[in-house]
Amino acid sequence: MSSVHVGPAWSLSAFPQPSDGFGWGNECVSPTHQPRSLLALALKNIDYETVAINLTKDGGQQFSEEFQALNPMKQVPALKIDGITIGQSLAIIEYLEETRPTPRLLPRDPKKRAQVRMVSDLIASGIQPLQNLSVLKQVGQENQLTWAQQAITSGFNALEQILQSTAGRYCVGDEVSMADLCLAPQVANADRFKVDLTPYPTISHINKSLLALEAFHVSHPCRQPDTPPELRA
Amino acid sequence: MQVGKPILYSYFRSSCSWRVRIALALKNIDYETVAINLTKDGGQQFSEEFQALNPMKQVPALKIDGITIGQSLAIIEYLEETRPTPRLLPRDPKKRAQVRMVSDLIASGIQPLQNLSVLKQVGQENQLTWAQQAITSGFNALEQILQSTAGRYCVGDEVSMADLCLAPQVANADRFKVDLTPYPTISHINKSLLALEAFHVSHPCRQPDTPPELRA
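One line per chain: the protein sequences are W and B, in this order.
The first sequence runs 1 to 233 under UniProt numbering.
The second sequence runs 1 to 216 under UniProt numbering.
The set of hints was computed from the structure by calculation and includes no laboratory data.
Keep in mind that the hints are not guaranteed to be accurate.
[Claimed, not checked] Below, simulated EDC-like cross-link-like pairs (lysine to aspartate or glutamate); rule was C-alpha separation at most 20 Å, straight line:
no.	chain 1	residue 1	chain 2	residue 2
1	W	208	W	174
2	W	137	B	125
3	B	94	W	174
4	B	94	W	82
5	B	95	B	157
6	W	112	B	81
7	W	112	B	80
[To be verified] Every beta carbon over 10 Å from chain W, so not counted as near; a handful from chain B, in silico:
no.	residue
8	30
9	42
10	50
11	58
12	175
13	180
14	196
By construction, the Cβ of each residue, glycine as well, lies at the ideal position given by its N, Cα and C atoms.
So here's chain W without its partners, still in its complex pose:
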């Protein structure tokens, strides 16, 4: 997927997260921040370079001085584009939307845009941060699975209800939006933490439709330059 380009080069710090860090089998695990930005780049047909930042190797490459100078949040993703560096996946996506507006990732109508942002934020603020790597480290290994499951089920309970009024083929209506870019990676995380998805038919159905799309396929963590061989699709 990674390629070098003549002219502006966009570097995206990206990582797959090895499953052996938590000892829960070898299925392809999915971090959630990184796929959102990769999905946006794929949907908008933006070529980019990947600089892999492994979150568990070498004590966590995100803590290196070099990366910290680039992105003080010590998190991925960070996108270097148009002479600036942007952290935070939704800020990245909104910037891409404003500067490379087609295809759209946000509807035109402000009320629908609000729904897209609400769903996106529910996931990006309400679920993912509670089950990310640094928080799970803090709760301790023996509590991690329960903690992560609680964060996800709690969030999905709300999300399922909201989607019942906003969803068409996708999270909001019938066009892929930023909300969908948040949903698919979060469902992958749910699978990783063995959350039963039976109570969430709307979430499951939308996720299935998304995974059939090319952009969701090529940007999947199983197919990245730094995907370890044992996790490669």
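We have chain W already, so just place chain B on it with the hints.
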């Protein structure tokens, strides 16, 4: 077509609710408050009535223009798009990205890790340390980022959505006794913000549901 004033479901002490209160004040939008007490009656956000309105069972929620929006930043961006003056986001896309980055750093990277429901889960004896850790970790990064984005406020010299996130988070830091000495840029910006009318009228100590002992 708007029928009646917007209704804000808010808790006086909720930093996320405060963000929206500031936005409404800055944009001179008149609204009604329905107070949702997060600790009383087992937490009024869990009532069936409120859950039907906002399945996330969180504040803030804003009923406006015939819809109900949850998530403070989604609310603020909607207000910005439908009531564009005064601006809460700059015109330039790169500066807008900086505003959103700072806002998200706080709204995704700090606040959710020290909100009421998470603190309940970590247990009373761990709460203070946990909250302090979340805030200092986030403020360490934020201080560094602001050193390149800030002017008088978080991004340049105009108040933006980022500032609406900052002041309430600093109030939370105070509440959890986080030492702000390592964060001169954060402290300085916060001081400038608290001098502004909109941050003053929307302050937790002046809300309809502020308990008497905490009222200014």
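We went through each hint and held it up to the structure:
1. For the hint pairing residue 208/W with residue 174/W, the CA-to-CA distance comes to about 14 Å; that is within 20 Å, so the pair holds.
2. Distance restraint check for residue 137/W and residue 125/B: the Cα-Cα separation of roughly 18 Å lies within the 20 Å cut-off, and the hinted pair is therefore satisfied.
3. Pair hint residue 94/B plus residue 174/W does not hold up; C-alpha atoms about 30 Å apart against a cutoff of 20 Å.
4. With a CA separation close to 9 Å, the supplied pair residue 94/B and residue 82/W stays within the 20 Å bound.
5. With a C-alpha separation of about 11 Å, the suggested pair residue 95/B and residue 157/B falls inside the 20 Å cut-off, and the hint holds.
6. Between residue 112/W and residue 81/B, the direct Cα distance comes to roughly 12 Å. Compliance with the 20 Å bound is thereby established for this hinted pair.
7. Using a Cα cut-off of 20 Å, the hinted pair residue 112/W and residue 80/B holds, with the two alpha carbons roughly 14 Å apart.
8. The beta carbon of residue 30/B is kept farther than 10 Å from every beta carbon of chain W, the shortest such distance being approximately 20 Å.
9. Every Cβ of chain W is farther than 10 Å from the Cβ of residue 42/B; the closest lies at roughly 16 Å, confirming the non-interface assignment.
10. The claim that residue 50/B is not at the interface with chain W holds, since no C-beta of that chain comes within 10 Å of its own (minimum 12 Å).
11. A cut-off of 10 Å between C-beta atoms contradicts the statement that residue 58/B is not in contact with chain W; the least separation is 8 Å.
12. Listed as a non-interface residue, residue 175/B keeps its Cβ farther than 10 Å from every Cβ of chain W; the least gap is roughly 20 Å.
13. For residue 180/B, the non-interface assignment is confirmed: its Cβ lies about 17 Å from the closest Cβ of chain W, beyond the 10 Å cut-off.
14. Every beta carbon of chain W lies more than 10 Å from that of residue 196/B, the smallest distance being close to 24 Å; the non-interface claim holds.
Checked against the numbered hints listed earlier, the structure breaks hints 3, 11; every other hint is satisfied.
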